[in-house]
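Based on these hints, arrange chain B on the given structure of chain A.
Going line by line, the protein sequences match chains A and B.
For the first sequence, the numbering used here begins at 1 and goes up steadily by one.
For the second sequence, the numbering used here begins at 1 and goes up steadily by one.
No lab work stands behind these hints: they were computed from the structure.
Watch out, some of these pointers could steer you wrong.
Straight-line alpha carbon distances no greater than 27 Å define the calculated DSS-like cross-link-like pairs of lysine-lysine that follow [unchecked claim]:
id	chain 1	residue 1	chain 2	residue 2
1	A	K23	B	K47
2	B	K17	B	K291
3	B	K17	B	K343
4	B	K23	A	K47
5	A	K17	A	K343
6	B	K47	A	K17
7	A	K47	B	K17
8	A	K342	A	K17
Here are some of the chain B residues that sit facing chain A, going by a computed Cβ distance under 8 Å [to be verified]:
id	residue
9	E84
10	M104
11	D108
12	T111
13	K291
14	P294
15	Y355
16	S367
17	K390
18	S393
19	G413
20	E416
21	H421
22	R423
23	N430
24	L431
Fair warning: this is a prediction, and the values are worked out from it, not measured in the lab.
We treat Cβ as the ideally placed atom computed from N, Cα and C, and that holds for glycine.
So you can see what is in the structure, the chains are spelled out below.
Protein chains: 2
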Amino acid sequence: MVLRLTTADTGFDDDFKALLAGKREVSEDVDHIVRDILESVRQNGDKAVLDYTRKFDRLDAGTMAELTVSEAEIDAAMAEVPAETLNALQLAYERIYAHHARQMPEDDRYTDAIGVELGSLWTAVEAVGVYVPGGLASYPSSVLMNVVPAKVAGVDRIVMVVPSPDGILNPMVLAAAKVAGVSEIYRIGGAQAVAALAYGTETISPVAKIVGPGNAFVAAAKRRVFGTVGIDMIAGPSEVLIVADGGNNADWLAADLLAQAEHDTAAQSLLITDSADLADEVEKAVEAQLKTLPREDVARASWQDFGAIILVPDLDAAMPLANRIAPEHLELAVSDPEALLKKVRNAGAVFLGHYTPEAIGDYVGGSNHVLPTARSARFSSGLSVLEFVKRTSILKCNPDNLRALGPAAIALGESEGLSAHARSVSIRLNL
Amino acid sequence: MVLRLTTADTGFDDDFKALLAGKREVSEDVDHIVRDILESVRQNGDKAVLDYTRKFDRLDAGTMAELTVSEAEIDAAMAEVPAETLNALQLAYERIYAHHARQMPEDDRYTDAIGVELGSLWTAVEAVGVYVPGGLASYPSSVLMNVVPAKVAGVDRIVMVVPSPDGILNPMVLAAAKVAGVSEIYRIGGAQAVAALAYGTETISPVAKIVGPGNAFVAAAKRRVFGTVGIDMIAGPSEVLIVADGGNNADWLAADLLAQAEHDTAAQSLLITDSADLADEVEKAVEAQLKTLPREDVARASWQDFGAIILVPDLDAAMPLANRIAPEHLELAVSDPEALLKKVRNAGAVFLGHYTPEAIGDYVGGSNHVLPTARSARFSSGLSVLEFVKRTSILKCNPDNLRALGPAAIALGESEGLSAHARSVSIRLNL
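For reference, chain A alone in the conformation it holds in the complex (with noise of 0.2 Å):
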């Protein structure tokens, strides 16, 4: 049995506040851990680098020259992927092209009523470190999302860093880079990585900005080095709500609960309708397709432990709720998702009507995959060509209206206790 609760129950208010309070993460404490081998590889550089992969990835490498891939070691890895999955990854990096290449900012430079020249000018992040996690959550799709948006910027070099412990490199996650276009590749992790990404080694160069997911480590490490460098967000486990009317297929909408639940035993999966029987239905096709599916402990944990149905009378009431989950994923499958979507004031990414599966948008949609997590969605948004790029004000006077503008400023200026900011501007109008 997956929790429920019902809008018109007494206590709902508090169980629904519950359900958004709930922790699914367990943050290991791993900081003072990271903050030695930040500090050992700022200090000593490749050596550290080498000594720390050494020691957690038990890859004994003598020089930076074996942990870095070359291209050979992508031609092989190409060629060891399948036609298919590499025309795949092709198309969708053709997709996610195309969609952020919208997004790509413009220069705005203007001369306002009194003559002051203002500007917005935008250029990109000079050089971009993409952490790829190792293992089971080694996703090549990752590497496009991430990837993609800073080529779109013009982010001139794009370091990756992925961890191959005992050697086990993914190739497919390679196969991604090439087509995506990184710059360079080396096969190292963890904490270890993030340092020599942000202090730089004698081999690797630092770069000023750090995206893309890891472990507790990784993450603990990205906080650590903010300030020297920029980093994304540091995303949660995954979460899907689905807001469904009674004219749905549940076996479909179980499919794409289950989905979610897959990621992870932390990730959510939630449903809200107006239908007790869709509620029921569904509830039944998760059971049935739990048993058939390769990730079926994940999934079944997921479910079990975070998963919930909530029914309201009407699906207008399920908006404000869908508002205050503030969810990663949010599908709209009802008949009428426009209208729905007018409504939507919180979410990273929504699925509008029967035919878009959330999957759709992990892969070759062209909408980004990063997206914000655990509620974040109420301050922050998913990534974009934004996060590659930054913005510098421009302003320009003359004489004419620096002494249009200046008494106001000199004003202020004297108003806080600030007198040289005054005299800047008096001393040029002979004040």
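Chain B only, in chain A's frame:
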């Protein structure tokens, strides 16, 4: 004598690197204190806020109502501010509003060649907290700079917190809040105010994002609540870099350098010039002007400890150095600033020509004065409307284009070992 470097000197590279790496800020380790304050406010709400306010601000309020700034108090503050200053605040508000209105991103909804509907929809953050420091650094201009972009974005609720140690509150800060349109004001500060905004109390509803500068306690609290709410960047001490040719009035540049230096002993004022004569004159002018500055001690300490003049053979040689410095403020005090502007890659804001002292941008230029410090212009931007909106991705397939895209999504899902992902697509295609 201020530090002088010359690119032609052997050892310049090392000296310049040392200048870049110099830490200007000693960060107090207050994290354990802040952790306890946050936890206490989370548990005990208003009562904890009242207790900490009694302890840290020596303000003995029995209820939160006493810490809530009333309309009458705001009106009284408005009456206290000289008309000239109020008019200056109003002018600043209008110019900041007009500039930021151009930053509002537009929704993008479109249909691609195979009929997939995609889009990016922007919505405002629902509630924002603005931290305003008490005491000396309680600047009305900063109230405008933090609040106006939120207003432009369409934030529903803007909550200002400002400590009033011993009951003292700068009336200009309240006046600026009134001009800018703040919704609620509480006279609380420190980590307890950040906690109240992030977690909410019986009196204060929680916000989704917190912006604004503060002391070490505020900065540590913002870092800790990040994730529960969004935060803006953690600002460091301010800095200016002036790139100047020989055709400058040395007194004007000296005034600009000191306008930065008077902020903080940890502020940094740098001059790069191709004229050794100008360098000498500016250094002399700084000495002369320091003597008549109310904040002489602060400015002198900043200039002596962190100021520097760098001599380059020509102005083209200045720009690579400027981009490595990635200054918060960059003045291009040269005869052809547009030529140099084209070479700017990393800077928070650029002030062009001889008649645009940086202080104009602090107050009435229209652009934002909350800008990236400590070289973070390499990867981040000044405060803008974008910090108060978030983007939701839209995806909508129909049976035909789901059939076109489906096989690629299924191939990638299976290749990543995510069978339920693949199934959520195939089940809709009867595959």
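Interface hint compliance - B:Y355 to chain A, C-beta minimum distance less than 8 Å: At 5 Å from the nearest chain A Cβ, B:Y355 passes the 8 Å test, so the hint holds.
Hint consistency between B:K23 and A:K47 [alpha-carbon to alpha-carbon, up to 27 Å]: Between B:K23 and A:K47 the Cα gap is close to 26 Å, so the pair holds against 27 Å.
Hinted contact B:D108 with chain A - closest CB pair below 8 Å: holds (6 Å)
B:M104 as an interface hint toward chain A, with CB separation required under 8 Å: Not OK, violated: B:M104 not within 8 Å of chain A, min 11 Å.
B:N430 as chain A interface residue, shortest Cβ-Cβ below 8 Å: violated (11 Å)
Status of the hint placing B:P294 at chain A (closest C-beta pair under 8 Å): With a minimum Cβ separation of about 5 Å from chain A (threshold 8 Å), the hint on B:P294 holds.
Hint check: 8 Å Cβ-Cβ cutoff, B:K291 to chain A: B:K291 check fails; min Cβ-Cβ to chain A is 12 Å, beyond 8 Å.
Restraint check for B:K17 with B:K291, where alpha carbons must lie at most 27 Å apart: Violated, at roughly 32 Å.
Closest C-beta approach of B:H421 to chain A relative to 8 Å, hint status: OK, holds: B:H421 within 8 Å of chain A, min 4 Å.
Interface hint status, B:G413 versus chain A (Cβ within 8 Å): holds (6 Å)
Status of the hint placing B:L431 at chain A (closest C-beta pair under 8 Å): With Cβ-Cβ at 12 Å, over 8 Å, it is violated.
B:E416 as chain A interface residue, shortest Cβ-Cβ below 8 Å: holds (5 Å)
Checked against the numbered hints given earlier, this structure breaks hints 2, 10, 12, 13, 23 and 24; the rest are met.
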